[in-house]
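First to last, the protein sequences are chains A and B.
With the numbering used here, the residue at position 210 of the first sequence is 210, and numbering never jumps.
Convert by adding 1000 to the 1-based position in the second sequence; the result is the number in the numbering used here.
Do not take every clue at face value.
[Unchecked claim] Calculated cross-link-like contacts (lysine-lysine; reagent style BS3-like; alpha-carbon spacing at most 30 Å):
id: 1; chain 1: A; residue 1: 149; chain 2: A; residue 2: 43
id: 2; chain 1: A; residue 1: 68; chain 2: B; residue 2: 1157
id: 3; chain 1: B; residue 1: 1010; chain 2: A; residue 2: 132
id: 4; chain 1: A; residue 1: 69; chain 2: B; residue 2: 1117
id: 5; chain 1: B; residue 1: 1148; chain 2: B; residue 2: 1017
id: 6; chain 1: A; residue 1: 222; chain 2: B; residue 2: 1157
id: 7; chain 1: B; residue 1: 1117; chain 2: A; residue 2: 149
id: 8; chain 1: A; residue 1: 140; chain 2: B; residue 2: 1156
id: 9; chain 1: A; residue 1: 132; chain 2: A; residue 2: 169
id: 10; chain 1: A; residue 1: 222; chain 2: A; residue 2: 7
id: 11; chain 1: B; residue 1: 1157; chain 2: B; residue 2: 1010
id: 12; chain 1: A; residue 1: 73; chain 2: A; residue 2: 43
id: 13; chain 1: B; residue 1: 1038; chain 2: A; residue 2: 140
id: 14; chain 1: A; residue 1: 140; chain 2: B; residue 2: 1117
id: 15; chain 1: A; residue 1: 72; chain 2: B; residue 2: 1121
id: 16; chain 1: B; residue 1: 1121; chain 2: A; residue 2: 73
id: 17; chain 1: B; residue 1: 1017; chain 2: A; residue 2: 132
id: 18; chain 1: B; residue 1: 1148; chain 2: A; residue 2: 72
id: 19; chain 1: A; residue 1: 132; chain 2: B; residue 2: 1156
id: 20; chain 1: B; residue 1: 1117; chain 2: A; residue 2: 72
id: 21; chain 1: A; residue 1: 132; chain 2: B; residue 2: 1117
id: 22; chain 1: A; residue 1: 140; chain 2: A; residue 2: 5
id: 23; chain 1: A; residue 1: 149; chain 2: B; residue 2: 1005
id: 24; chain 1: A; residue 1: 69; chain 2: B; residue 2: 1017
id: 25; chain 1: A; residue 1: 140; chain 2: B; residue 2: 1017
These are computed hints drawn from the structure, not numbers from a lab.
Read off the chains here:
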Amino acid sequence: MINKKVKSVEEALQGIENGMTLMLGGFGLCGIPENSIAELVQKETRDLTCISNNAGVDDFGLGLLLQKKQIKKMISSYVGENAEFERQMLSGELEVDLIPQGTLAERCRAAQAGIPAFFTPAGYGTEVAEGKEVREFNGKMHIMEHAFKADFAIIKAWKGDTAGNLIFKGTARNFNPAMAGAAKITVAEVEELVEAGTLDPNQIHIPGILVQRIFQGEKYEKRIEQRTVRIR
Amino acid sequence: MALDKIGIAKRIAQELKDRYFVNLGIGIPTLVANYIPKGIDVEFQSENGVLGMGPFPFEGDEDADIINAGKQTITTLPGASFFDSATSFGMIRGQHVDLTILGAMEVSENGDIANWKIPGKMVKGMGGAMDLVASAENIIVAMMHVNKAGESKILKKCTLPLTGVGCVKKVVTELAVLEITPQGFKLLERAPGVSVEHIVSSTEASLIVEGDIPEMIIN
């Protein structure tokens, strides 16, 4: 067994430098690597390019890095719910590349799977298609999109083992599996880290080969963005 | 009388068919799930990675790890499944989802839709809308016929940046049900008590009006 366990979040994020490109899992505030984001704030790493579906809210998630102006460029599909983000974008302080959500996911998966580029119908005929190669397949127009290139993928899972195998829970899965192995180094933080051999191999969602470093997060706030309930 | 949002949702719910997999956008489309016609089975897909979405949880049962694409806490129904975003959009692009219902700022007579950006004012992003409209065979738009200034949002040509081209099949507004045909918008139904003349004068695009136009039946 190849042991992927690191002692701390500091050790997990060693090697992240100013100007690097990071992939970060999560949808809204669901399934985000909370402990790693807190550590990036501590490290004061700057000029980051962040590939993440959303940009957090003002005081949680990637919003924490935005507040400290540590992000130079965001690559996302939806960035509502964040006033500081909007302010930085409109003032030109923050570069923003908005891309269709399925294209974002597939560009991660392509990087994970060694596919340099692919064709998708999403965005054909819109400003997303500008400057991109267009081809017709089966009577339908498609545009060419490229795999992402990133230095670190930072993802969050529910359970993991020391071999780096991961199991996700609910919709906290989202972008995390597609980002595993999609960057030079993949860091996984988990709510519960167990010894290899404890998890049932049949139940593993992401095999450890796609993860270089794994640690158990100190605590998880798991903030809810839109609390919607029924009356009993 | 023009419909309210619930009325629009109720009318769109009549478009659900037995054994449909359906993706609902944020806003009015989300309300459609409350008015599924009796006697049919449908499953709702949310693009953040769940099939078999159920109602909101009872107070105290919320789980931060189980949300829909609007980031609202939800529940799941028997037979539900979770999956990752790449698989989710594989389902959408692969046309395994039968019906997509989403909102729009503008729709044009050739089926173009704009709903993600107002240059200089609002840029929230397209989320999954571009993938959904480029892929789905069956797209119904839920929207208001006119904006707050009383200007038509049913247009000859969209003025805002597009989300997709030539993709919308049907539009349900507070005033009317419109079908998009190769010849343009065709008026299918009108809201209870709303005249054809009122709909025509509220629509910038030309409308094909053939024979008597029935009123929508909203229960």
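Verification of the supplied hints:
1. For a cut-off of 30 Å, the pair hint linking residue 149 of chain A to residue 43 of chain A stands: about 23 Å separates their Cα positions.
2. A threshold of 30 Å between alpha carbons decides the hint, and for residue 68 of chain A with residue 1157 of chain B the separation of about 42 Å lies outside it, so the pair is violated.
3. This hinted pair does not check out: residue 1010 of chain B and residue 132 of chain A have alpha carbons roughly 41 Å apart, beyond 30 Å.
4. Pair hint residue 69 of chain A plus residue 1117 of chain B holds up; C-alpha atoms about 24 Å apart against a cutoff of 30 Å.
5. Taking the CA atoms of residue 1148 of chain B and residue 1017 of chain B, the gap is about 33 Å. The hint is violated against a cut of 30 Å.
6. Taken as a hint, the residue 222 of chain A and residue 1157 of chain B pair is broken in the structure, with Cα atoms around 44 Å apart against an allowance of 30 Å.
7. Distance check on the hinted pair: residue 1117 of chain B and residue 149 of chain A sit about 27 Å apart at the alpha-carbon level, within 30 Å; holds.
8. Distance hint between residue 140 of chain A and residue 1156 of chain B is fulfilled; the C-alpha atoms sit about 23 Å from each other, no more than 30 Å.
9. At roughly 36 Å between alpha-carbon atoms, residue 132 of chain A and residue 169 of chain A are farther apart than 30 Å, so this suggested pair is violated.
10. For the hint linking residue 222 of chain A to residue 7 of chain A, the alpha-carbon distance of about 22 Å falls within 30 Å, and the restraint holds.
11. Between residue 1157 of chain B and residue 1010 of chain B the CA atoms are separated by roughly 28 Å; this keeps the pair inside 30 Å, and the hint holds.
12. The straight-line distance between the Cα atoms of residue 73 of chain A and residue 43 of chain A is roughly 18 Å, inside the 30 Å bound, and the hint therefore holds.
13. Between the alpha carbons of residue 1038 of chain B and residue 140 of chain A the distance comes to roughly 37 Å, so the proposed pair goes past 30 Å and is violated.
14. A hinted pair counts as satisfied when its Cα atoms are at most 30 Å apart, and residue 140 of chain A with residue 1117 of chain B qualifies at roughly 25 Å.
15. Distance check on the hinted pair: residue 72 of chain A and residue 1121 of chain B sit about 22 Å apart at the alpha-carbon level, within 30 Å; holds.
16. With a C-alpha separation of about 20 Å, the suggested pair residue 1121 of chain B and residue 73 of chain A falls inside the 30 Å cut-off, and the hint holds.
17. About 38 Å separates the Cα atoms of residue 1017 of chain B and residue 132 of chain A, which puts this hinted pair outside 30 Å; it is violated.
18. A distance of roughly 37 Å separates the Cα atoms of residue 1148 of chain B and residue 72 of chain A; the hinted pair therefore is violated under the 30 Å criterion.
19. Among the hinted pairs, residue 132 of chain A with residue 1156 of chain B is consistent with the structure: their alpha-carbon atoms are about 27 Å apart, no more than 30 Å.
20. With a C-alpha separation of about 22 Å, the suggested pair residue 1117 of chain B and residue 72 of chain A falls inside the 30 Å cut-off, and the hint holds.
21. Using a Cα cut-off of 30 Å, the hinted pair residue 132 of chain A and residue 1117 of chain B holds, with the two alpha carbons roughly 20 Å apart.
22. A distance of roughly 47 Å separates the Cα atoms of residue 140 of chain A and residue 5 of chain A; the hinted pair therefore is violated under the 30 Å criterion.
23. Of the pairs offered as hints, the one joining residue 149 of chain A and residue 1005 of chain B is violated, with about 44 Å between alpha carbons and a cut-off of 30 Å exceeded.
24. Straight-line distance between C-alpha atoms of residue 69 of chain A and residue 1017 of chain B comes to about 49 Å, which puts the hinted pair past the 30 Å bound.
25. Under the criterion of a C-alpha separation no larger than 30 Å, the hint pairing residue 140 of chain A with residue 1017 of chain B is consistent with the structure, at around 26 Å.
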